[in-house]
Each structure stands twice: as structure tokens, then as C-alpha cells.
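*Asks:* Here is how the chains run, residue by residue.
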Amino acid sequence: MSLKSKSISSKSSLNEDERLKKISPLRVLLNRPELGALGGSILVFIFFGIVAGDTGMFSAYGMLNFLDVSANLGIIAIAAAMLMIGGEFDLSIGSMIGFAGICIAIPAIYWGWPLWMSIVFAFAMAVLVGYFNGIMVVKTGLPSFIVTLAMLFILRGLTLAITRLITGRTQVPGLRVLIEDDPLAWLFATDTFKWLFTWLGSLKLIELRTDGTPLATGIPPSVIWFIALTLFATWILMKTRYGNWIFASGGDKVGATNVGVPVGRVKISLFIGTAVASTIFACIQVLDAGSADTMRGTLKELEAIAAAVVGGCLLTGGYGSAIGAAFGAIIFGTVSMGIFYTDVDTDWFKVFLGAMMLIAVVFNNYIRKKVTESK
Amino acid sequence: MSDYLVQFNNISKFFGKVIALKDVTMRLKKGEIMCLLGDNGAGKSTLIKTLAGVHKPDEGEIIFEDNKIVFDSPKDALDIGIGTVYQDLALVPLMSVTRNFFMGREPQKGIPFLKTFDVEKANKIAADRMGQIGIDVRDPSQAVGTMSGGERQCLAISRAIYFGAKVLVLDEPTSALGVHQASMVLKYIVKAASEGLAVILITHNVHHAYPVGNSFTVLNRGKSMGTFQKKDISREKLLSMMAGGEELDKLEVELQEMDRIHNKN
Numbered sequence: 499m500s501l502k503s504k505s506i507s508s509k510s511s512l513n514e515d516e517r518l519k520k521i522s523p524l525r526v527l528l529n530r531p532e533l534g535a536l537g538g539s540i541l542v543f544i545f546f547g548i549v550a551g552d553t554g555m556f557s558a559y560g561m562l563n564f565l566d567v568s569a570n571l572g573i574i575a576i577a578a579a580m581l582m583i584g585g586e587f588d589l590s591i592g593s594m595i596g597f598a599g600i601c602i603a604i605p606a607i608y609w610g611w612p613l614w615m616s617i618v619f620a621f622a623m624a625v626l627v628g629y630f631n632g633i634m635v636v637k638t639g640l641p642s643f644i645v646t647l648a649m650l651f652i653l654r655g656l657t658l659a660i661t662r663l664i665t666g667r668t669q670v671p672g673l674r675v676l677i678e679d680d681p682l683a684w685l686f687a688t689d690t691f692k693w694l695f696t697w698l699g700s701l702k703l704i705e706l707r708t709d710g711t712p713l714a715t716g717i718p719p720s721v722i723w724f725i726a727l728t729l730f731a732t733w734i735l736m737k738t739r740y741g742n743w744i745f746a747s748g749g750d751k752v753g754a755t756n757v758g759v760p761v762g763r764v765k766i767s768l769f770i771g772t773a774v775a776s777t778i779f780a781c782i783q784v785l786d787a788g789s790a791d792t793m794r795g796t797l798k799e800l801e802a803i804a805a806a807v808v809g810g811c812l813l814t815g816g817y818g819s820a821i822g823a824a825f826g827a828i829i830f831g832t833v834s835m836g837i838f839y840t841d842v843d844t845d846w847f848k849v850f851l852g853a854m855m856l857i858a859v860v861f862n863n864y865i866r867k868k869v870t871e872s873k
Numbered sequence: 031m032s033d034y035l036v037q038f039n040n041i042s043k044f045f046g047k048v049i050a051l052k053d054v055t056m057r058l059k060k061g062e063i064m065c066l067l068g069d070n071g072a073g074k075s076t077l078i079k080t081l082a083g084v085h086k087p088d089e090g091e092i093i094f095e096d097n098k099i100v101f102d103s104p105k106d107a108l109d110i111g112i113g114t115v116y117q118d119l120a121l122v123p124l125m126s127v128t129r130n131f132f133m134g135r136e137p138q139k140g141i142p143f144l145k146t147f148d149v150e151k152a153n154k155i156a157a158d159r160m161g162q163i164g165i166d167v168r169d170p171s172q173a174v175g176t177m178s179g180g181e182r183q184c185l186a187i188s189r190a191i192y193f194g195a196k197v198l199v200l201d202e203p204t205s206a207l208g209v210h211q212a213s214m215v216l217k218y219i220v221k222a223a224s225e226g227l228a229v230i231l232i233t234h235n236v237h238h239a240y241p242v243g244n245s246f247t248v249l250n251r252g253k254s255m256g257t258f259q260k261k262d263i264s265r266e267k268l269l270s271m272m273a274g275g276e277e278l279d280k281l282e283v284e285l286q287e288m289d290r291i292h293n294k295n
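Protein sequence lines correspond, in order, to chains A and B.
Its first residue numbered 499, the first sequence is counted upward by one per residue in my numbering.
Its first residue numbered 31, the second sequence is counted upward by one per residue in my numbering.
One or more of the hints may lead you astray.
If the Cβ cut is set under 10 angstroms, some of the chain B residues that face chain A in the computed set are [claimed, not checked]: (1) F45; (2) R189; (3) K280.
Examples of chain B residues lying across from chain A (beta carbon under 8 angstroms, computed) [stated by the list, open to error]: (4) D118; (5) L121; (6) V122; (7) L124; (8) R129; (9) Q138; (10) K139; (11) T146.
Below, simulated EDC-like cross-link-like pairs (lysine to aspartate or glutamate); rule was C-alpha separation at most 20 angstroms, straight line [stated by the list, open to error]: (12) K79(B) / E202(B); (13) K196(B) / D109(B); (14) K737(A) / D148(B); (15) K60(B) / D96(B); (16) K737(A) / E150(B); (17) K260(B) / D109(B).
I should point out that these hints are in silico values taken from the structure, not numbers from a laboratory.
None of these values were measured; they are calculated from a predicted model.
Idealized CB from N, CA, C, for every residue including glycine.
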């Protein structure tokens with residue numbers, strides 16, 4: 499569903515056709531998978547703008563706060579969305595986050611590896627886990643729901659068992675001192691655009707601490723990763739051959755195979771994608787907290803899938819967008835943080851999450867009908 | 031050099047004890063439309079899969095442009111120019127016309143490792159090709175799901191031709207279509223043949239096959255009942271051969287009998 503409507507109205511070779519009905523910009527928008535999530539995001543911002551506009555939620559510090567939460571979720575939601583477009587699920591995302599965390603922490607703390615080597619090790623393990631998920635689904639033909647549900651338990655169990663075996667507890671602290679001077683860790687642990695915030699602070703445009711330094715010190719690494727991954731995933735989906743194969747594999751496995759799309763390889767690579775995204779998530783969180791926790795990432799797989807669905811991905815595959823998933827993550831991140839700024843009890847967040855997802859699914863279903871039956 | 035573009039000589043295929051095909055022979059010239067007729071269970075599907083390289087024949091030979099050919103996979107068949115359009119068409123309704131047209135064979139541009147899908151070129155070719163067969167894709171980025179059944183069929187055929195098919199194998203291209211849509215597809219098939227392709231049209235609908243076919247091969251219970259040129263056989267004769275003649279004759283007698291009794295009362 500590529501450049502769709504934009505290309506129709508602007509590309510010269512085609513729009514000369516007098517039979518080409520003028521399509522209103524609204525129709526064009528309605529045909530995009532990310533419309534729902536975009537509209538939802540705007541509504542959420544308007545809502546909190548009214549309810550919590552004067553509470554500091556929209557100060558630089560407050561905004562970075564909810565952007566950070568959104569970005570973290572977004573990193574895994576984008577990978578989950580790509581996998582869903584390819585026609586599969588990954589329920590082991592959350593467990594992979596916990597597993598990747600201890601893959602970084604234990605070698606670094608207990609075996610004396612340099613931090614960068616532990617990070618590389620964690621990514622290598624992610625590729626292995628993703629490959630295993632993918633090959634199981636492709637070779638056995640079992641639903642990915644079952645295969646990755648098994649992996650959810652296996653990975654979480656391994657994480658707990660190994661950590662307790664080696665360390666005698668369930669948390670591995672002490673990473674923070676290793677970050678400095680590490681050749682790789684900065685990728686996941688550096689706030690950027692500090693000069694901007696210092697400058698804004700000096701102009702007294704953003705809040706300052708009592709010592710005169712700005713409260714918000716820079717853009718957290720999660721946000722940079724989030725933006726980069728959104729752009730990268732969108733480029734792949736819209737602009738590459740591999741992107742077309744993802745849509746084809748999810749849209750009709752048999753048909754795609756018949757015309758020569760390597761469906762198996764596409765799916766395996768997408769499973770590796772979700773595992774690697776989980777590891778990026780883990781790196782950022784573990785290095786930020788300075789410790790790995792065996793329970794880290796619990797239930798994150800469901801939030802990632804929810805964000806992808808709100809972002810317009812169909813549960814049946816073959817349709818969706820990375821930008822949509824990014825907005826889905828922004829909705830969830832904003833609400834989960836924004837709710838603290840309102841009088842609403844935070845217990846209501848899950849109610850919102852569920853309701854949002856239901857609405858999204860109904861809406862997506864309607865859109866799919868529109869797309870395929872508008873003759 | 032023989033007259034034939036492709037020959038399937040004495041093809042047999044067994045599945046264990048079951049004889050799915052026995053001694054089926056089909057020979058096609060360029061520009062010829064051969065209709066393969068048969069009732070359900072006659073062995074049409076097995077034959078198609080053998081032509082497409084999915085099954086290897088247990089006996090017999092395939093000769094393409096005077097060379098004996100053995101297919102190890104469907105890709106081999108595609109590579110020498112036997113394009114098969116299956117009943118499911120291998121189209122994804124949610125994807126655009128262009129994306130379907132080039133599915134698996136996307137044109138690329140750019141430098142190595144950063145190659146992008148050349149969507150503009152693909153859009154242009156897809157719109158062009160569909161235009162040639164009189165289908166006005168108002169917008170090649172519209173979803174295939176918005177097209178009619180006949181248009182989808184034509185898209186699948188057009189795709190096979192674009193990617194180098196010299197022999198088109200069409201599996202029941204009109205079975206799910208209304209009269210108007212079916213005639214659109216049949217017209218396109220005739221046009222493709224007139225441009226030099228050999229077409230094998232598999233169908234159980236004599237009324238669709240008879241007007242377009244040059245020759246007819248009738249399959250019954252895994253065996254060929256022979257190949258007939260159009261001038262040598264009538265529509266009614268074909269129909270009765272397909273159904274195994276006697277059965278229809280019997281039915282006719284029974285119906286007359288019922289009629290007689292009914293009129294009496």
C-alpha cells in the first residue's frame with residue numbers, strides 16, 4: 499500500500515488520465531493505515547492539553563518524560579508491527595527484554611567482560627532466539643502464537659534460573675560505572691542535544707534546578723532510537739523490495755511463494771527483528787537503570803502488539819505501517835504518563851488501553867473492508 | 031525443427047497405486063489455444079502441476095523448442111517460459127496493483143546495498159500493461175481488492191506474460207466469473223495467443239472453451255480421450271465426451287420417462 503494516493507495526485511504520467519477521479523485529501527487520508535493512530539494522538543494531546551495543560555506535563559521536562567516512555571515502547575512496537583505485517587506474532591518480546599538484560603549484566607559484572615562485548619553478546623543471543631522462533635514457525639507451520647508463547651516461558655524461566663544460579667539473586671546491579679569510556683555503551687546511554695537544553699536554560703525558557711542547570715538535560719537515547727527506527731522501518735516497507743515481500747508474505751503466503759517470494763526467509767528475518775528490537779530496548783533500560791532485573795519487560799509484548807494494532811496493523815497480516823505503530827506507542831506512552839498529571843487514578847490506564855485497542859480493531863476492520871471492496 | 035513449441039508426450043503420473051494420469055499427450059504450436067476439458071476428478075489438477083514443474087512425470091517426456099526438458103521445481107518451468115496462472119491467482123487483495131504485478135520480481139534502482147524498489151517505473155509498467163488489455167487501472171496504487179474478478183484474472187495473466195511466459199497454463203480462469211467478466215478474460219486470452227503465445231486453457235466449461243479454442247483435449251479419469259481440432263468436433267460432442275457420454279444419455283432417458291409420467295397424471 500505504498501505511496502498510494504500521494505503518487506496518484508502528483509505524478510505527472512498518471513494524473514493526466516481524465517477518468518481518474520479527483521480524490522479528496524480526506525479520502526486519501528482515510529486509506530492510510532496510520533490514520534487512526536494519528537487522529538488518536540491528536541485527541542490525546544488535546545485532552546491532556548485541556549485537563550493537564552498547567553501541571554507541568556507539557557514543560558520540557560514533562561514532555562521528555564512521556565516521550566521517553568513512548569519511545570521505549572515504540573522501539574519494540576515498530577518491530578512487532580513489521581512482524582505483524584509479515585503475518586506473524588511474537589509473544590516473547592517481553593521475555594527477550596529480560597533475557598537480553600542479563601546477557602549484558604552477568605558477563606560484564608561476573609565474568610569481567612568489557613561492557614561492549616556483553617552488549618554484542620546480547621545481540622548475538624537475540625539473533626539466535628529470533629532465528630529459532632522463525633525457523634520453528636516456518637518449518638513446523640505451527641501458529642507463531644504458540645511457538646512464541648512457549649518462548650515467552652522458556653526465556654523468562656532461563657533468565658530467572660541462570661541469574662539465580664550465577665548471582666544468587668534476581669537483580670544484577672553495578673553497571674553504571676562501566677558505561678564511561680565504553681566504546682559501545684554510549685549508543686544506548688547518551689543524552690543528545692545537551693547544548694540545546696543548556697542554551698534554552700540560559701535563556702530561562704525551560705525550567706531550571708536550584709543550581710541553575712536545566713531540569714531536562716537532553717534528548718534521551720530512546721527517543722533518537724525511536725525516530726531512527728521509525729524512519730528505517732518505513733523506508734524498508736515503502737521503498738524496498740524486501741518491504742514488498744513483507745506485505746506479500748503476510749497478505750497471502752501461498753500466492754507469494756508461487757511468484758517467487760522467499761516467504762520463509764522474510765519471516766525468519768522479521769522474528770530476528772523483534773528479538774533485536776527487544777535487545778535495543780533492554781540495552782537502553784539496563785544502562786539507564788545501571789542494573790538488570792529478571793522481570794524486566796514483563797507484558798511488554800502485549801503492549802507492543804496493542805500499539806501496532808492501534809497503529810493500523812491487521813491481526814491477519816499484510817496491512818499496516820511503522821509510522822502507525824509509532825503513533826500507537828505515543829498514545830500509550832502519553833496516556834500512561836499523562837494520567838499522573840490528572841486527578842484520575844492511574845488504575846484506569848489499563849481500562850483505557852483495552853478500550854483503545856477495541857476501538858482500533860473495529861476501526862481497522864472497517865478500513866480493510868473499505869480498501870478491498872470499494873468497487 | 032518441429033512445428034510444435036511445446037510437446038508433452040505420453041505423460042503418466044502415479045501416486046502409489048493410484049493412476050492419476052496415463053499416457054496424456056498434448057502438443058502446442060505458437061499461437062494455439064488448446065482447451066483441456068475434463069470433469070471434476072479427471073486429473074486436470076495433476077496435469078497442471080506436472081506442466082508447472084510441481085510434480086515430476088513418472089513416464090513420458092516434455093519437449094520445449096525441440097529440447098527435452100526435466101523440471102526439478104516450478105522455477106525451472108518458469109525460467110524456460112511456462113507460466114502457470116493458478117486458480118487462486120497469487121494476488122494479495124490488500125496490496126496495490128503495482129505491488130502485486132511485481133511481487134517477488136520488483137524492479138530496483140540505486141547503489142548496491144541501498145537499492146530501492148523503483149515504484150515509479152513499476153507503476154508505469156503496470157498501468158501500461160493493464161491499459162494494453164483495455165483495463166483502465168485508474169490508479170496503479172489502488173488495492174487489488176477493489177478490482178473485479180475478471181480484472182484480477184487479467185492482471186495475473188498479464189503478469190505471467192510480462193515475465194516471459196511463452197506457454198501460458200491457465201487453470202479455470204473463468205470458473206468464478208459472470209458472463210461479462212468471463213468474456214473479457216477470454217478476449218484477452220485470444221489476444222495473447224494472436225501475439226504468438228501457446229495457451230493451455232483448463233476448464234470444465236465447454237461454453238467458454240469452444241469459442242476460443244483451436245483444439246480440444248478431453249481428459250477422463252486420468253486418460254486422454256484424444257485431441258480434436260475444432261473443425262472435427264461439435265460443442266455437443268465435446269460435452270458428452272467430457273461427462274462420459276452414456277451418463278448424460280441415460281439421464282436424458284430418465285428425464286423423458288419422468289416427463290411422460292408427469293404428463294399422464
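*Asks:* Against chain A, is Q138(B) within 8 angstroms by beta-carbon distance?
*Replies:* holds (6 angstroms)
*Asks:* Assess, step by step, whether the Cα of K737(A) is no farther than 20 angstroms from the Cα of D148(B), and give holds or violated.
*Replies:* Measuring from Cα to Cα gives roughly 8 angstroms; hence the hint holds.
*Asks:* Is the interface hint satisfied for L121(B)? The criterion is a beta-carbon contact with chain A at less than 8 angstroms.
*Replies:* Hint on L121(B): holds, closest Cβ of chain A at ~6 angstroms, below 8 angstroms.
*Asks:* Taking the least C-beta to C-beta distance, is K139(B) closer than 8 angstroms to chain A?
*Replies:* Cβ of K139(B) sits 10 angstroms from chain A, so the hint is violated.
*Asks:* So, K280(B) near chain A? Judge it on the closest CB pair being under 10 angstroms.
*Replies:* Constraint on K280(B) not satisfied, violated at 40 angstroms.
*Asks:* Does D118(B) hold up as a contact with chain A if the rule is Cβ-Cβ below 8 angstroms?
*Replies:* Result: holds, 6 angstroms to nearest chain A Cβ.
*Asks:* Check whether the Cα positions of K737(A) and E150(B) lie no farther apart than 20 angstroms.
*Replies:* holds (11 angstroms)
*Asks:* Verify the interface restraint on R189(B): the C-beta must sit less than 10 angstroms from at least one C-beta of chain A.
*Replies:* Holds: closest Cβ of chain A sits about 8 angstroms from R189(B), inside 10 angstroms.
*Asks:* Assess, step by step, whether the Cα of K196(B) is no farther than 20 angstroms from the Cα of D109(B), and give holds or violated.
*Replies:* The hint holds at about 10 angstroms.
*Asks:* Need the status of pair K79(B), E202(B): alpha-carbon distance at most 20 angstroms?
*Replies:* Satisfied, since the Cα-Cα distance of roughly 13 angstroms is no more than 20 angstroms.
*Asks:* Hint check: K260(B) vs D109(B), CA-CA at most 20 angstroms. Holds or violated?
*Replies:* violated (31 angstroms)
*Asks:* Holds or violated: the hint that F45(B) contacts chain A, with Cβ atoms closer than 10 angstroms.
*Replies:* Violated - the Cβ of F45(B) stays beyond 10 angstroms from chain A, reaching only about 21 angstroms at its closest.
Hint violations for this structure: numbers 1, 3, 10 and 17, all remaining hints satisfied.
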